[in-house]
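**Student:** Chain by chain, the residues:
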Amino acid sequence: MHRKIVWGVIFLLFLLEGSLLPWMIPSAWRGNVSVTPHLVLVAIIYVSIYLNRYSALIFGLFFGFLQDFVYYGHMIGVYAFSLGLTGYLCGLFFGRSHIHILPSMLLMAFGNLLYEAAVYGCYRLFNVINSPFEWAFTHQMLPSILFNLLLALLIYVPVRKLFEKIGNL
Amino acid sequence: MFKLLGNKRLFILLIGLIFFIALMGLTLNKREPVTWPEKFVKDSISWMQGLIYRPARYIAGFFEDIHDLRVVYEENKALKRTLAQYARDTVRLNELEAQNKRLKEALGFTERQKQYDNYTYRIAEIVAVSPDPNNSTLVINLGEKDGIKENMAVVSVDGLVGRVVRVFPFHANVQPLTNLSDVSSGENHTKAIAATIKGKETESFGIIESYDEAKGILIMNKISQNDQMQVGDTVVTSGLGQVFPHGIVIGTVASRKVGAFGITYTANVKPAVDFTKLGHLREVFVIEKPEMR
Chain Y
1 MHRKIVWGVI FLLFLLEGSL LPWMIPSAWR GNVSVTPHLV LVAIIYVSIY
51 LNRYSALIFG LFFGFLQDFV YYGHMIGVYA FSLGLTGYLC GLFFGRSHIH
101 ILPSMLLMAF GNLLYEAAVY GCYRLFNVIN SPFEWAFTHQ MLPSILFNLL
151 LALLIYVPVR KLFEKIGNL
Chain W
1 MFKLLGNKRL FILLIGLIFF IALMGLTLNK REPVTWPEKF VKDSISWMQG
51 LIYRPARYIA GFFEDIHDLR VVYEENKALK RTLAQYARDT VRLNELEAQN
101 KRLKEALGFT ERQKQYDNYT YRIAEIVAVS PDPNNSTLVI NLGEKDGIKE
151 NMAVVSVDGL VGRVVRVFPF HANVQPLTNL SDVSSGENHT KAIAATIKGK
201 ETESFGIIES YDEAKGILIM NKISQNDQMQ VGDTVVTSGL GQVFPHGIVI
251 GTVASRKVGA FGITYTANVK PAVDFTKLGH LREVFVIEKP EMR
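Protein chains in written order, with our numbering: chain Y, 1 to 169; chain W, 1 to 293.
Quick caveat, the hints were computed from the structure, so don't treat them as lab data. Quick caveat: nothing in here was measured; it's all calculated off a predicted structure. A virtual CB, placed ideally from N, CA and C, is assigned to each residue, including glycine. Treat the hints with care, since some could be wrong.
[Said to hold, decoys possible] Taking CB as the label site, the calculated pair distances span: (1) Y:Ile-58 / W:Lys-215: 38 to 44 Å; (2) Y:Asn-52 / W:Gly-147: 47 to 53 Å; (3) W:Val-34 / Y:Ala-117: 29 to 35 Å.
[Unchecked claim] Computed list of chain W residues with no C-beta within reach of chain Y, every gap over 12 Å: (4) Ala-22; (5) Val-41; (6) Asp-43; (7) Leu-93; (8) Gln-115; (9) Asn-118; (10) Ser-136; (11) Lys-222.
[Claimed, not checked] Some chain Y residues near chain W, calculated using beta-carbon distances under 8 Å: (12) His-2; (13) Trp-23; (14) Tyr-71; (15) Gly-77; (16) His-100; (17) Tyr-123.
Work out the full structure, taking the sequences as your base and the hints as a guide.
**Tutor:** Below, the structure is given as structure tokens:
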């Protein structure tokens with residue numbers, strides 16, 4: 001039962017990510033560098049922290065495939081692979097112990113970097129993009145990671161409350 | 001943590017890796033028709049996204065309007081000036097159009113030839129924008145049921161935005177010009193654009209093949225040495241490629257230099273559409289060519 005809430009919440013975040021968030025980001029931020037929100041990724045890393053790595057893997061695969069289908073442009077599987085891998089690997093770090101805000105934010109940064117690198121790697125492997133890694137890192141990955149950390153901090157308290165409630169149920 | 005590399009897990013990991021690489025490779029140049037689960041998932045999710053996108057757009061539009069109030073007076077003056085010019089041009093255009101029609105009839109043009117550039121512009125709202133800069137797909141709310149087909153050109157009021165890559169019953173995915181690439185293989189992946197210069201349609205020609213993400217410019221190749229194009233000229237589609245209709249503004253020539261092999265020239269084209277603000281685009285137009293039979 002309580003898993004259904006998590007599914008619902010992440011699904012809502014998925015919808016918001018492509019429709020509402022583009023309007024919330026000031027256009028000035030999309031000039032030289034590009035800031036991209038990854039709400040689903042943030043949620044999946046939270047799942048890997050508060051639930052376990054297997055749930056994070058399942059969530060990652062499901063919402064990754066959803067993103068692959070909805071925004072199909074080049075190929076299918078990139079986001080499913082990256083999200084699933086990120087969720088699983090992030091889940092390896094902490095057990096179900098009580099985690100404070102600083103380690104979880106560090107893990108969030110690591111997870112974001114891993115995800116960005118995986119997506120970049122897949123597209124680069126299949127020659128879809130050909131921008132050099134240094135450029136992509138400073139202009140696309142780094143700003144996005146910082147922005148997503150901010151998003152993660154914003155939803156930290158409600159997410160924690162939600163998972164604590166689930167834990168008690 | 002290193003228990004991860006136990007035999008069974010390593011095996012599963014490798015199988016997963018192989019599966020995903022195979023999947024990506026197989027779907028890279030997908031041309032087969034859209035399957036029904038894909039249609040269903042896509043249309044229902046895009047419908048929900050549209051429900052969110054529309055109010056968000058109105059609210060954002062309201063704040064932009066307040067910002068615009070300051071420039072309205074100046075804009076109004078400029079528009080009145082152009083309106084006078086426009087009225088003069090319309091008279092001349094009507095005259096030329098009538099003459100053109102008469103001459104075509106006199107020369108015995110077939111109906112197909114006459115209808116060739118009679119394009120219809122279909123307005124479409126954007127319902128979602130891909131959150132990833134590497135794959136900046138736009139989702140519009142026109143689809144198969146509205147007569148949208150693959151490879152139709154998509155323009156905004158400023159100029160060419162991209163082309164339709166995948167069509168679902170009620171929605172379609174648009175690939176913007178920022179995804180143009182000359183390295184990737186595959187017939188359906190990106191399509192180069194045959195381009196020319198506005199006002200010099202018969203003398204200038206080049207092919208826009210790729211987009212330089214770092215500089216934000218389109219790269220136009222295969223320009224002949226005695227081409228007269230100059231910096232600041234407006235680049236439009238030539239229609240020779242048969243994918244994009246002719247006469248759509250792409251951008252302006254920013255610079256021009258000798259190409260990689262020294263035989264042809266290469267020009268940098270600054271796109272007319274601001275692709276960094278793709279998320280703030282409201283409507284686009286899909287250009288429907290007349291049925292060619």
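**Student:** Verify the CB-CB distance for Val-34 of chain W and Ala-117 of chain Y against the hinted window 29 to 35 Å.
**Tutor:** Hint holds: Cβ distance 31 Å, inside 29 to 35 Å.
**Student:** Would Leu-93 of chain W pass as off the interface with chain Y, using Cβ distances and a cut of 12 Å?
**Tutor:** The claim stands: Leu-93 of chain W keeps its Cβ more than 12 Å from every Cβ of chain Y (closest is about 36 Å).
**Student:** CB of Asn-52 of chain Y to CB of Gly-147 of chain W, is that within 47 to 53 Å?
**Tutor:** The hint (47 to 53 Å, Cβ to Cβ) holds, given that Asn-52 of chain Y and Gly-147 of chain W are roughly 49 Å apart.
**Student:** Regarding the assertion that Ala-22 of chain W does not contact chain Y, is the least Cβ-Cβ distance greater than 12 Å?
**Tutor:** violated, 9 Å
**Student:** Is the claim that Asp-43 of chain W lies outside the interface with chain Y correct, judged by CB distances over 12 Å?
**Tutor:** Contrary to the label, Asp-43 of chain W does not stay out of reach of chain Y, its closest Cβ about 10 Å off (not over 12 Å).
**Student:** Could you see if the CB distance from Ile-58 of chain Y to Lys-215 of chain W stays within 38 to 44 Å?
**Tutor:** holds, 41 Å
**Student:** Holds or violated: is the Cβ of Asn-118 of chain W farther than 12 Å from all Cβ atoms of chain Y?
**Tutor:** Holds, since 31 Å exceeds 12 Å.
**Student:** Against chain W, run the beta carbon of Gly-77 of chain Y and see if the smallest gap drops under 8 Å.
**Tutor:** Constraint on Gly-77 of chain Y satisfied, holds at 4 Å.
**Student:** So is Val-41 of chain W really clear of chain Y, every C-beta pair being over 12 Å apart?
**Tutor:** violated, 6 Å
**Student:** Beyond 12 Å on every Cβ pair: is that true for Gln-115 of chain W relative to chain Y?
**Tutor:** holds, 32 Å
**Student:** At a threshold of 8 Å, is the proposed contact between Tyr-71 of chain Y and chain W supported by beta-carbon distances?
**Tutor:** At 4 Å from the nearest chain W Cβ, Tyr-71 of chain Y passes the 8 Å test, so the hint holds.
**Student:** Holds or violated: the hint that His-100 of chain Y contacts chain W, with Cβ atoms closer than 8 Å.
**Tutor:** Violated, about 20 Å.
Hints 4, 5, 6, 10, 12, 16 from the list above are not met by this structure, while the remaining hints are.
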